[in-house]
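Enquirer: These are the residues of each chain, in order.
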Amino acid sequence: MTPGFRKGPTLWDGVLITVFIVLTISVAMMMGSPDPGSVLEVKTLTEEVRIPLDRDGRYAVSGPLGTAFVVVEDGGARMESAPCPLKICETMGPVTKSGQTILCLPNRISARVLGKVPVDAVSR
Amino acid sequence: MSNFRPSRPSGIKHCRTILATVLIGTLILTSVACKKGIQPTRETRFIMGTLVEIVAYPSSETTRAAVNRAFERMEEIEDQAYPDRSEFFLSLREGKPSALPEVLARVLDKALSVASESEGAFDPTLGRVVSLWGFDRNEPGIPADEDLAAALRTVGYRRLSVDSDGVVRPTPPGNPLWLELGGVAKGYAVDVAVAELTESGIQAGIVNAGGDLRSFGVRPDRGFWRIGIQDPDDPQGMLGVLEVDEGSVATSGDYERYFEKDGIRFHHILDPTSGLPVRNGIRSATVITRECGLADALATAAFVMGPEKGLALLERLEGVEGILVVDGEDLLTTSGVGGRIGFDRR
Chain A
1 MTPGFRKGPT
11 LWDGVLITVF
21 IVLTISVAMM
31 MGSPDPGSVL
41 EVKTLTEEVR
51 IPLDRDGRYA
61 VSGPLGTAFV
71 VVEDGGARME
81 SAPCPLKICE
91 TMGPVTKSGQ
101 TILCLPNRIS
111 ARVLGKVPVD
121 AVSR
Chain B
1001 MSNFRPSRPS
1011 GIKHCRTILA
1021 TVLIGTLILT
1031 SVACKKGIQP
1041 TRETRFIMGT
1051 LVEIVAYPSS
1061 ETTRAAVNRA
1071 FERMEEIEDQ
1081 AYPDRSEFFL
1091 SLREGKPSAL
1101 PEVLARVLDK
1111 ALSVASESEG
1121 AFDPTLGRVV
1131 SLWGFDRNEP
1141 GIPADEDLAA
1151 ALRTVGYRRL
1161 SVDSDGVVRP
1171 TPPGNPLWLE
1181 LGGVAKGYAV
1191 DVAVAELTES
1201 GIQAGIVNAG
1211 GDLRSFGVRP
1221 DRGFWRIGIQ
1231 DPDDPQGMLG
1241 VLEVDEGSVA
1251 TSGDYERYFE
1261 KDGIRFHHIL
1271 DPTSGLPVRN
1281 GIRSATVITR
1291 ECGLADALAT
1301 AAFVMGPEKG
1311 LALLERLEGV
1321 EGILVVDGED
1331 LLTTSGVGGR
1341 IGFDRR
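Listed in order, the protein sequences are those of chains A and B.
Mapping the first sequence onto the numbering used here, position 12 (from 1) lands on 12, and the numbers just tick up by one.
Mapping the second sequence onto the numbering used here, position 48 (from 1) lands on 1048, and the numbers just tick up by one.
The following block holds chain B by itself, in its conformation from the complex:
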């Protein structure tokens, strides 16, 4: 009789199987738990007339402290960039030379650069006209024709010079100058916040100031950032989703601030030549580039310039991409947008 017997699964062998199963299961659970564990710090604050959200990875006390510092940097710019808070603007309105606050030097530089590139479609001297419409005070209304005509005489980005010692001078001297830097300052503040976060050692995050945003670093678990582009026809809908690594996205749209009178919508993006809300078929202009301050100003410029000229401007500038939503037409995109975005309509 042979000693050989068909092997019966022993208790030990079963234990090994169970142990292996448990180990594999544990690995799966751990990986899932770890994935869920990479949570960001998420803070919001009202700054510069909008809701600013900072998302920074990973969540920790160090990150929270850095986020608070980033908010403080943005508030410092807010304190200097708006006429109701800064003597700099008030002196210029009286036609007097005024020393440019250091924090605004780069803001004004970018504003004048985009004004030049867009041949005045974006114009930082539109402040008197903006004030007449009242969007900045949340008291909008249609200005009288004669007031608008007088205000337009103060507009022109060549009506100022900046000395090497940082003094802004109206040109010709004595000419009232109503600077309006909000179109760049918000995006620039986003750039400053991102710089603060990265200098503090924060590895990845996104700073979003009312839809003008900048991402930095590699997003944990996904590797890239998904940025929705708002549908102009649906306040809660998205037109598409853009996948970006690091960079800024800013949008100007006719749905952001507006009022309606006699069935006509009057929005806040004003044409520097007429002083009236722009009506050229564009519903929104989205710009993708490295710096948010630049994206912010270029989005306004492209909106004002219209579908053809606006797209041509964005196409011409290096490192800049854009998406224009035109009423009743397909979306217009620059050649480099390519496969980085999925659209719901196109």
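The shape of chain A in the complex, shown without the other chains:
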């Protein structure tokens, strides 16, 4: 019998495999970290707040024209009511994906779903 050569896995093989697994998971977590598109960033002239999109509720947001109400439900957000004249912002939702934005220019309120978006800007 040839001495000294073991065919089965050694302790070092185990260490090697463990290192590979840890590295693979780490890289996967860093590269494929879930898109943080679950937060709504609401900005006014004076405030900036972030609302998790899984926190259902009706949120009052104050602008120069008065109070608007943003509703968060079913993983998305929409402008339920706004004191602006044209109400275009009320037709812009619901927003659910990263980069989607509700904008009320007269009342100076923007609400954008945060996260990595496939484009740098949108021409509209």
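Heads up, a few of these hints could be off.
[Unchecked claim] A few chain A residues that face chain B, going by a derived Cβ cut-off under 10 Å, partial list only:
hint, residue
1, 53
2, 96
3, 123
If you're looking for bench data, these hints aren't it; they were derived computationally from the structure.
If you're wondering where the values come from, they're calculated on a predicted model, not measured in any experiment.
Glycine residues also receive a C-beta, built at the ideal position from the N, C-alpha and C atoms.
Based on the hints, put chain B in the right spot on chain A.
Expert: Okay, now just chain B, sitting in the frame of chain A:
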């Protein structure tokens, strides 16, 4: 007996393997971390009646200071470019000559240039008509016929002259002149902001004023910029994505500002000949060119001119490309758009 023995993987050899693995892994992780590390400064501000966003690379205190200066430059133009803030416009409305503020010289020059190229489809003297519709005050409504007719008599980009000393004179003298420079000023302010950023040494970025935008420099990690074109039928949807290096993209669409009455949509892009919202089948006009002020005005001009004439205008101008979305038809593009854009429909 031979001294030769089959070599058994030694601890040292295993250590080398592990070390190599760790090094390779570290390299991968570092490259990923570095890639994620190139983060921009991203700031927004309400200027010129819209939300302006500046994205500038890399994120640093220096960049933030430059971004703030760029916003201030835009606000300086805002202070001069709108009638409710500037005596320049009010004097002209009374038919009096008025000294052109220096900051508006190039704005007016571009506006008159596009007015001439488009044979008045874009007209910076449409201010009285715009005011009657009330879109500028967010109080829109349908004007009375007689008011509209009177307002149209003040329209005409040849009804003014600019002296060499920078004085704008209504023609004939005493004729009320309602200048409306918003159609160029917003894009021009984007150009000024980009100039401020580049002069401050910022390597790359994008200035986006409510969808009229300009990119500059090489975008880190990708090398080019991806600009979405809004779908006129879906406020949160994109028609396609345009890949650009450096340049401006501006869009005029019937979905930007409008109101509805008796089921009819009245939007804010007005025909200088009739004073009414344009209805020629175009839903949106996107223009791609170097300067945002030019793109801004040309997008309006192409929208007003309609599918055939609008496309012909954009095709004729050097360094200008365009995309027209026409109701019920395929997209119309100039010949140079080519492979720079991926469309969801075509």
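Enquirer: So which of those numbered hints doesn't the model satisfy?
Expert: 1
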